[in-house]
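Chains A and B are the protein sequences, given in the same order. If you're matching positions, the first sequence starts at 1 in the numbering used here and goes up one per residue. If you're matching positions, the second sequence starts at 1001 in the numbering used here and goes up one per residue.
Any given hint might turn out to be false.
[What the hints assert, rightly or not] The following label-pair restraints were derived from C-beta to C-beta distances:
1. A:Arg258 to B:Ala1130: 26 to 34 Å
2. B:Ser1018 to A:Ala196: 50 to 58 Å
3. A:Arg239 to B:Thr1041: 42 to 50 Å
4. A:Thr153 to B:Glu1143: 49 to 57 Å
5. A:Ser173 to B:Gly1073: 28 to 36 Å
[Unchecked claim] Far from chain B by the CB rule (all over 10 Å, computed), these chain A residues:
6. Glu5
7. Ala17
8. Arg36
9. Val92
10. Pro94
11. Phe182
12. Val201
13. Ala262
Think of the hints as simulated: they come from the structure by calculation, not from any bench. Heads up, the beta-carbon is just placed ideally off N, CA and C, and yes, glycines get one too.
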Amino acid sequence: MARSEIEDVEVELFARALQLRHGYDFSHYAPASFKRRVLNLASNTGCRTITELTSRLLREDALLPAVIAGLSVPVSEMFRNPSVFRALRDEVFPVLDSYPVINIWQAGCAFGQEVYSLAILLEEAGLYERCQIFATDFSDAALVRAQEGIFPTRDARAYSENYLAAGGKRSLSDYYHARYEFMKLDERLQRNVTFANHNLVCDGVFCEAHLILCRNVLIYFTDVLQDHALSLFRNSLVRNGFLCLGNRENIDFASSARHFVAVNARERIYRKHADSA
Amino acid sequence: MSATLKAVVMGCSAGGMSALRTVLADVRKDFCWPILVVCHTGSEDVTTFCDLIGMASTLPVREARERHLAQAGIVHVAPTGYHLLVEQGGRFSLSVDERVAFARPAIDVLFDSAAGVFGGGLIGVVMTGANNDGAAGLKRVRERGGIAIVQDPASAEAATMPQAALDIAGADHCVPLKGIAPLLNRLCQP
């Protein structure tokens, strides 16, 4: 048996141990990228094999947060794919403006780059005061990072370019303080943001949202789990509520997709069907 | 099941567009395996990239779509900013995980996942490029019974990538650029 075939077996045992020992269910994660993450995690925690990681996971409670952080979506940037943010501002915000209170759910916020991006655009559109933004992730470690709002200064230039391409009206530097190699986003941007733990695999509806952003999260799910999450979004959205997915995501194989209609197919912005309960 | 699935995976970087055009121009019109491509330099605007490759290619060239099946006789190109992976059954998945060898899409990620799905039914091709992405992936392809083709570094616009593949993975065939398509035409039978 080739080494990578043995690793396939080890990944299954690891996932089973994580479920039995800690209650986390990764059985409906797309196997190929899940395997890569588990291998990275083993290497980052100094384990020579996945089996060694599994063994430690069973016995060391303190290892769990690092494991969960390693298995969650880590990478994003501010205003990633600027055209999406421009479309939100131009096509979605005017509709949100008609509500006295606006609930927004960012599902899978990771380190918070997109939450802050959204907050800035809402601020500039004059909508922020009426917004309640729920930023959720299943990794507590990620939520702590998101709440801090501290990012490496080396990313500032790319973020600024994205911000302007997204239709930002000011200068991104108006919203952060840079000190040495780090930039900290203005804390006022999170005055209407609630960071909370939520796992799309097992947690349910907790708010009535006008807009849900969940970009590049469902790409890690199998069809079954993707469909489950879409159904959760459907049940969380108000009539005609908006859903924004990652710009290469595909919901063709999910039966829940019938409850959504694309309003900007290129940017993956959908609306819940008016006749969908 | 995986024994019956077959595919070609190709990776290239600097000089990759021209290399792909050369190879795909000479691939048989009735080529009946899917071809999956990661090219670092082509990923800025993948639609334009597909068009430019497609003009030279005997086969249709399209962006690989999330959750869709790798199709026989189609060249599928990894989209901008995403790793392209193959899941059991031969469907595509995407990831925005960390860059690998400074690249996303990374050749290693595609090759590694494809090796797990196609096993002995996989042919990995590493061509011109200025870094060592693809070498580790090609090693996995061989470990799982697949065939490794490496462009002769002497014929490559940038020799680093094929040389790294030879050093780390070795090759079943090391041929000049012009020799790759005839070799694929011979190896990839229905």
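We went through each hint and held it up to the structure:
1. A:Arg258 to B:Ala1130: 26 to 34 Å: About 47 Å separates the Cβ atoms of Arg258 (chain A) and Ala1130 (chain B), which means 26 to 34 Å is violated.
2. B:Ser1018 to A:Ala196: 50 to 58 Å: Check passed, 51 Å falls within 50 to 58 Å.
3. A:Arg239 to B:Thr1041: 42 to 50 Å: 46 Å Cβ-Cβ, so the 42 to 50 Å window holds.
4. A:Thr153 to B:Glu1143: 49 to 57 Å: Violated - the Cβ-Cβ distance for Thr153 (chain A) and Glu1143 (chain B), about 42 Å, lies outside 49 to 57 Å.
5. A:Ser173 to B:Gly1073: 28 to 36 Å: For Ser173 (chain A) and Gly1073 (chain B) the Cβ distance comes to about 51 Å; the hint is violated.
6. Glu5: At about 7 Å from chain B, Glu5 (chain A) fails to clear the 10 Å cut-off, so the statement is violated.
7. Ala17: The claim stands: Ala17 (chain A) keeps its Cβ more than 10 Å from every Cβ of chain B (closest is about 21 Å).
8. Arg36: Since the minimum Cβ distance to chain B is about 7 Å, Arg36 (chain A) lies within 10 Å and the statement is violated.
9. Val92: holds (22 Å)
10. Pro94: holds (29 Å)
11. Phe182: holds (20 Å)
12. Val201: holds (17 Å)
13. Ala262: Ala262 (chain A) clear of chain B: closest Cβ-Cβ about 15 Å, beyond 10 Å.
Consistency note: the structure conflicts with the earlier hints numbered 1, 4, 5, 6, 8.
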